[in-house]
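Student: These are the residues of each chain, in order.
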Amino acid sequence: EPEVTQTPSHQVTQMGQEVILRCVPISNHLYFYWYRQILGQKVEFLVSFYNNEISEKSEIFDDQFSVERPDGSNFTLKIRSTKLEDSAMYFCASSQVAEDTQYFGPGTRLTVL
Amino acid sequence: RKEVEQDPGPFNVPEGATVAFNCTYSNSASQSFFWYRQDCRKEPKLLMSVYSSGNEDGRFTAQLNRASQYISLLIRDSKLSDSATYLCAEDTGFQKLVFGTGTRLLVSP
Numbered sequence: 001e002p003e004v005t006q007t008p009s010h011q012v013t014q015m016g017q018e019v020i021l022r023c024v025p026i027s028n029h030l031y032f033y034w035y036r037q038i039l040g041q042k043v044e045f046l047v048s049f050y051n052n053e054i055s056e057k058s059e060i061f062d063d064q065f066s067v068e069r070p071d072g073s074n075f076t077l078k079i080r081s082t083k084l085e086d087s088a089m090y091f092c093a094s095s096q097v098a099e100d101t102q103y104f105g106p107g108t109r110l111t112v113l
Numbered sequence: 001r002k003e004v005e006q007d008p009g010p011f012n013v014p015e016g017a018t019v020a021f022n023c024t025y026s027n028s029a030s031q032s033f034f035w036y037r038q039d040c041r042k043e044p045k046l047l048m049s050v051y052s053s054g055n056e057d058g059r060f061t062a063q064l065n066r067a068s069q070y071i072s073l074l075i076r077d078s079k080l081s082d083s084a085t086y087l088c089a090e091d092t093g094f095q096k097l098v099f100g101t102g103t104r105l106l107v108s109p
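For the record, the sequence lines run as chains V and P.
Position 77 of the first sequence, counted from 1, bears residue number 77 in this note's numbering, the numbering being contiguous throughout.
Position 56 of the second sequence, counted from 1, bears residue number 56 in this note's numbering, the numbering being contiguous throughout.
No lab work stands behind these hints: they were computed from the structure.
Even for Gly, the Cβ is constructed at its ideal location relative to N, Cα and C.
Derived DEER-like restraints, expressed as beta-carbon distance ranges:
id, chain 1, residue 1, chain 2, residue 2, range
1, P, Gly9, V, His10, 26 to 32 Å
2, P, Ser68, V, Asn28, 36 to 42 Å
3, P, Ser49, V, Asn52, 26 to 32 Å
4, V, Gly16, P, Phe94, 30 to 36 Å
5, P, Asn55, V, Thr76, 34 to 40 Å
6, P, Asp39, V, Thr76, 23 to 29 Å
Dumping the calculated DMTMM-like pairs for lysine to aspartate or glutamate here, alpha-carbon to alpha-carbon at most 20 Å:
id, chain 1, residue 1, chain 2, residue 2
7, V, Lys42, P, Glu3
8, V, Lys57, P, Glu3
9, P, Lys45, V, Asp100
10, P, Lys45, V, Glu1
11, P, Lys42, V, Glu1
12, V, Lys42, P, Glu5
13, P, Lys42, V, Glu3
14, V, Lys83, V, Glu18
15, P, Lys45, V, Glu3
16, P, Lys42, V, Glu44
17, V, Lys78, V, Glu68
18, P, Lys45, V, Glu44
19, V, Lys42, P, Asp39
20, P, Lys79, P, Asp39
21, V, Lys83, V, Glu59
22, P, Lys45, P, Asp57
23, V, Lys78, V, Glu44
24, V, Lys42, P, Asp7
Let the hints inform the model, and build the full structure from the sequences given.
Tutor: Quick look at the structure:
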């Protein structure tokens, strides 16, 4: 069964550093998403992406964040200058069409020191 | 008002019990709803989509009540392996899911 994959599984970084989180969505899916979950809190939407542009973003997704689909398979989330409060699980998801079931990857645990 | 609300629990039930969770939502225009299961420090995994007519998958039944703006999940004959956090999610139609905080279920022998 096709699945969303994410790398790395755990990323540790120093405050102020840039990080890039990588995702490979399910191959025939057209919509891609990033969510995050701070430990003990709910899953929060960050951004959705379709047809090589951002469709929707939350207020969390400020100028420090960016997304890119650099090739036909990868979907990345970049945080330019990490803060302590960026420490969280970051989940990538994809869906075949809008408002369809979203399938989540295993997540990247980001720890900012 | 929070967009999606769930009782955080935990719900402690013995094996074989029937347990039900509710989830309320505030956006009356939302069309799609989902139940996800999340194990500790893992990703949400789709359990069921929730349709207006209700739907059943084995021991799991989901219902949507548009008039009262809530969805429900019923688990029959609980197994130890059902212990997890159950997340309800609303698709607002803007290509994003809004999740509740989750309801924690603990099934004991």
